[in-house]
Amino acid sequence: MQTLEITPTVPIPEHLTGEIQSKLAYVDESILDADVSTDRIVLSIRETTAKTGEQTSPEQMSLIEAKVGRVVESMAKGAIKPKVVILEDYMDRPALYDKDPMDELIQRGELFQEGTGIYTFGPLLTALIEFFERQFLKLAESYNAKSYRFPTLISAEYLQRIHYFNAFPHSLSFVTHLREDLDVIDNFASNARYEAGGLNTPPEAFSKIHSLLSPAVCNHLYFALADKPLPGSELAATAVGSCFRYEAINLDSLERLWDFSMREIIFVGPKDFVLKNRESARARMEGFFKEIGLVYMVESANDPFFIGEFRKQAAFQSAFQLKFEIRAALPFKDSTLAVGSYNYHQDFFGRNLNISLPDDSPAHTGCVAFGLERIAYAFLAQFGIEMDKWPAVVKDGLT
Amino acid sequence: MDIKQKDLNQQVQAVLIEALKVKPELVTPELSFGDIPQWDSMGHMEVMMLLEENFGVEINPDTIANLVSIPEICKYIDQ
Chain A
1 MQTLEITPTV PIPEHLTGEI QSKLAYVDES ILDADVSTDR IVLSIRETTA KTGEQTSPEQ
61 MSLIEAKVGR VVESMAKGAI KPKVVILEDY MDRPALYDKD PMDELIQRGE LFQEGTGIYT
121 FGPLLTALIE FFERQFLKLA ESYNAKSYRF PTLISAEYLQ RIHYFNAFPH SLSFVTHLRE
181 DLDVIDNFAS NARYEAGGLN TPPEAFSKIH SLLSPAVCNH LYFALADKPL PGSELAATAV
241 GSCFRYEAIN LDSLERLWDF SMREIIFVGP KDFVLKNRES ARARMEGFFK EIGLVYMVES
301 ANDPFFIGEF RKQAAFQSAF QLKFEIRAAL PFKDSTLAVG SYNYHQDFFG RNLNISLPDD
361 SPAHTGCVAF GLERIAYAFL AQFGIEMDKW PAVVKDGLT
Chain B
1 MDIKQKDLNQ QVQAVLIEAL KVKPELVTPE LSFGDIPQWD SMGHMEVMML LEENFGVEIN
61 PDTIANLVSI PEICKYIDQ
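Residue numbers (our numbering), protein chains in the order written: chain A, 1 to 399; chain B, 1 to 79.
No lab work stands behind these hints: they were computed from the structure. Note that this is a predicted model, so its numbers are computed, not measured. Even for Gly, the Cβ is constructed at its ideal location relative to N, Cα and C. Some hints here could point you the wrong way.
[Stated by the list, open to error] Going by beta-carbon spacing under 10 Å, a handful of chain B positions derived as facing chain A: (1) 28; (2) 29; (3) 32; (4) 50; (5) 61; (6) 62; (7) 65; (8) 66.
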């Protein structure tokens, strides 16, 4: 492993160090780790390049440095400081546990890593996730939210309509299959081998991309409502679904999974309807989190836009207070993890997907989303794996 | 609207036409964020940046959230 130390040409504002660090994961396949501070970037680089297996040359190091410079320039130059609004702060609640539960979960057979960012959960974690699911379903029922089942795949055509490719290209997961060609399929059947570098199949054997793995739950509802008036002018819906976001070297624990599940409660209708329900959902969840004694805060946030759009989109989200994250404490590393969010999209989906209200104006949308694996992980990080140490409401609530 | 205000309104309209890359007839004196598809979140930030360049408007969360119509922008610049 080699170290590359870079002095950024543009000073990095404190509030952007984490955002820039997470984006450096996508700069070059040779980067193993990145550490970003306001005036210094330290990268750990493979001794050999991921592509050719040859020694990483000084020229390649220069190219990496130039690419890092592009990221920093794009995100930090003229950065707009966000307005941080804290709606709830329960970070002073006592946490009973201070270790990372991952090792013990793996030792007990409660967690099995199948691949990068891909995990199988055992009975304890599953029961805990189901407990949280029941609470989120109760919240959904309080709005008479209609249940939906959405596909795991998502249409590239629709994602394009909501400009997803511009905003989040880095985390997309594409779906393909062998081309409908007997020679290609026969060749694959005879010769396909998984090797350290991946499947040995040539790229031309695969079909064009028409579908991706879904990165979010609520998009499917908006697609289903597209190009017609919204029936009844207001809609509350709920669904649980698998979401896929590729996070490169950031996929290093249960904090960031490539394949994870979200329960969402989705509101579509006039602005007031969406905002009123987003706020009441937050207030109702505050009561539940109090009951279980979760150490957390709710603060304004932005989505992880890619570098080209980050500066403007993040500033816009911040200015209009469009997103608030539920950030649960991870006491073992003295940090927090986003386990859910309260979102308002204004009329973005209504306009881009042509979802209209009775007065012909575009519908507004919002959603309340909970990451099921993340909330279970944060709970175990705060309360430990031994059930006798858990709050009674959780213990008694397991089936 | 007096002559001075009318002149400012026209200058702001010109900023919007340039920032949003739209035909002049689409930009009316009372235009607000969301009235035309081009004045969306990204379009709004383009407007803000050009206002900063032409009028020295500081881009911060408050101005981004408040300057959402041509009359609001004119009022802010006039102060």
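Results of checking the hints against the structure:
{"no.": "1", "hint": "28", "verdict": "18 Å, violated"}
{"no.": "2", "hint": "29", "verdict": "21 Å, violated"}
{"no.": "3", "hint": "32", "verdict": "12 Å, violated"}
{"no.": "4", "hint": "50", "verdict": "13 Å, violated"}
{"no.": "5", "hint": "61", "verdict": "4 Å, holds"}
{"no.": "6", "hint": "62", "verdict": "7 Å, holds"}
{"no.": "7", "hint": "65", "verdict": "4 Å, holds"}
{"no.": "8", "hint": "66", "verdict": "9 Å, holds"}
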